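Chains as they are written, first to last, in the numbering used here: chain W, 134 to 313; chain L, 1145 to 1471; chain S, 663 to 1032.
Keep in mind that a hint or two might mislead.
Claimed, not checked - 16 Å max Cα-Cα, derived EDC-like pairs, lysine to aspartate or glutamate:
| id | chain 1 | residue 1 | chain 2 | residue 2 |
| --- | --- | --- | --- | --- |
| 1 | L | Lys1284 | S | Glu694 |
| 2 | S | Lys959 | W | Glu292 |
| 3 | S | Lys898 | S | Asp909 |
| 4 | S | Lys864 | L | Asp1444 |
| 5 | L | Lys1284 | S | Glu696 |
In short, the hints are calculated from the structure, not lab data. Nothing here was measured: the structure is a model prediction, and the numbers come from that model.
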Amino acid sequence: MAKKKDYKNDFLHQRFDATETDYDQRGYHLEVVLDVNQVRKFAQTAYDLGFYIVFVAGLHVRPNEGHDKGNSGLVVVYQFARYDQLYRIKARVSVPNTLEIPSISDIYQGADWHERETRDLYGVVFDGHPNMKPLLLSEEDPDFHPLLKEEKKLKSLDEISWPSEAPEVAKGEAEAETGR
Amino acid sequence: METISILPPELIRMVIAVIIIISFLFLNAIMMGYAERKIAGHVQRRPGPMEVGSHGILQMIVDGVKLVGKELLIPFNVDRTLFRVAPLLSFTPVILPLLVIPFSEKLQARDLNLGLIFIVTMGSVNVMALLVGGWGSNNKYSMFGAMRAVAQSIAYEIPILLSLLAVVLMCNTFSLKEIVAAQQNIWFVFLQPVAFLIYVVAGLAETNRNPFDLPEAESELTAGFHTEYSGMGFSLFFIGEYTNMFIVASVATVLFLGGWHGPHLPYGEYLGVVWFFLKVYLLLFLMIMVRWTYPRVRFDQLLNFAWKYLVPFSLVNLLITAVLVKL
Amino acid sequence: MLESEYQEQNRFFLNMGPQHPSTHGVLLIVLEMEGEYVLDPQPVLGFIHRMHEKMGESRPCQGFMPNTARMDYVCALPYNHGYVSLIERKAGIEVPKRAEYIRVITSELNRVASHLLWLGAYLLDLGAFTPILYGFDDREHILDILERITGSRLTYCYYRFGGVYKDVDDKFIEATRAFIKRMRKRYVIYEKLVTKNIIFIKRAENIGIVSPDMALRYGMTGPNLRGSGIAYDVRKNEPYSVYPEFDFEIPVGEQGDCLDRYMVRVQEIEQSLRIIEQALDRLPDGPVRSKVKKNIKLTPGDCNFAVEAARGELSYYLVGDGTSTPYRLKVRVPSYSNLSCLPELGRGILLPDLVSILGSFDLVIPEMDR
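Given these sequences and hints, build the entire structure.
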């Protein structure tokens, strides 16, 4: 297999909030937390480094809590990987209250359908997408978003993140977790 | 015989011949349908029809009954006249060529001195049926099929004619009976192998058989020109196709394979028909085998093949024949 | 409004599908055409959308197992495999060695079955009727073998968290070895009938060329990618289960046309057989299922697991919240990304070439619609 290269620094240089993660536990190597206006720059960086797009997905969490202050509660998750070596990146971006985030479908054309799907399932509108029509769901009812959770089932982003990311309280749990 | 005198005995003769030929057409379609399914089955390592009758021998009769009993669906917004006329137009012209084909020395409905021209002309009318059916169906897939059929038939009628002309040059007649008679000693397939090959290939295309079945290419055009047809409308197209195959094979037999000639049989002038049918069905068997072996060619490849290879080769062949005959 | 404009330009729309013979299921492609030339093919998905992801989020993680097979019914076992491995990674479940070997054997058998079905279906798209029956004949043997051991023929639910449902027996091993022997003899038939067929080559060569850059932009994976000359296979690149223990190659094509994609798949059948053979030789003894708690707790945090399905990289992405029900389950299916390049690939080509490209992509529509 080709030589291993760590791409963390490439992303840190571009001032992305990137943290290395434990691959055996999570299945990806690098986690990047993006700001809304960083999305396109991030995609361009990934494209220049030769990553391919794995998927774009949504996530619905309780809004206005913890890390997710001032946002709509929707999170968009991107995953990129490489053809030549084992390296996976997960990036997430919190969607602002306008429900609009920039589209990356002109950089990664493959994101086109994934973004349309995310719009179907969550109602996130991708700004600059050429064809923001329903893809999987029917065109008759574009405001039906099946993956939005009910209020009482929602959890905050901290509750569903790995403990090491959360502030000090959860640290001990994380160690207990890996120790076991 | 040259005088045009429709006297009652001659009229009765023709009527009887037409009746025999039409009943033979249906019989042929049934036999071919069964043979095709059975051969396809064996090519594909499965038994084929087995349930109705011994080894499924009655299958096609049952299918025929089913097709006759089906409702004739006329889709909304079609051109009703054209839609209804098309199957008849496909079926009727294929009867007429059989009138001039000499099945044996004395089994021929009428020996026209322009028999070959007559057959080729009638063969062209069949394309009209596909065009009318495809156009009248008001369906884009049918339309595609019809357009392909026309382009294909224009491309392939030229090499067919040119390859047939090579034989005509050699025996100086258009009468099929005389052409067969000229092959008493040696079949023309040995004198004109190139023409024979060109004729068989172009004949496959002319009958819209795989690998040239583009007008009905079912993976591209669903069913092509007969997409909208059901019941008897569909089966007339179907019978028309099989009869067309039979005519192409008969013409090949008459022109290249020596017609009724074969090892001597008692009552040879009548029983020569045995050799004739043997040769025709061997050719048909070949056509069926080709269908179940090869994928379909693409449309532009098909036309390229006709215009870039078949037409030049048949022209050269014709030229060489002409020079040699002259010498 | 545009209708009149289009008529002036001799352009028209053609709805290919959802009941068209060569869209293999209920895929609709709206073609903008001029004569026989396709100007703009736009796939329309979702005719059999079942919202598997929602089902995954609304029941305990065991309950999603049968759903995995319903996504890609042609090659269901790798879908099983990805899902159980995901939960095992998340919950830290150990799997006995023998179970991993059985998983690999059955997954690879399923992959061979899928490729055989594809081979027949592709040739059927090109108008050859016979190869599909030869393919089905061979595939039938695999289905029989798998039916005996898993209990189902198509939508398997054989793997369990921490192992497999049932141990294999000697009869299974015998039958599998017999199948490998038979399959190797059959190559020559396929080669004569298909691979060396001049009409087939003319229909597949230089058609639908996918460049490596294009593959990257669309996130293509699997044989469709390897046809373009990139040796990316999750089994090698991101080894899971016991795949690192086997010696096998990744066949790659040269220029990424339909013929390359065909050749890659045909060669992959042999590689899969090699894996199965080695796995059968080294099949260890021992239990096939480890003790797993009834109520699997999925710890908070996200987790990804990728496997190589017959059509490419299958990624499960799970977000846990401490209960046994996943908070979010995303399934990344290969055909979805593979097909998304069709609007770019199918511009300005002939209709029969579009059929050839669609066939060579090996699409399974339920997988894309989920």
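Here is what the structure says about each hint:
1. Lys1284/L with Glu694/S: holds (12 Å)
2. Lys959/S with Glu292/W: holds (14 Å)
3. Lys898/S with Asp909/S: holds (10 Å)
4. Lys864/S with Asp1444/L: holds (11 Å)
5. Lys1284/L with Glu696/S: holds (12 Å)
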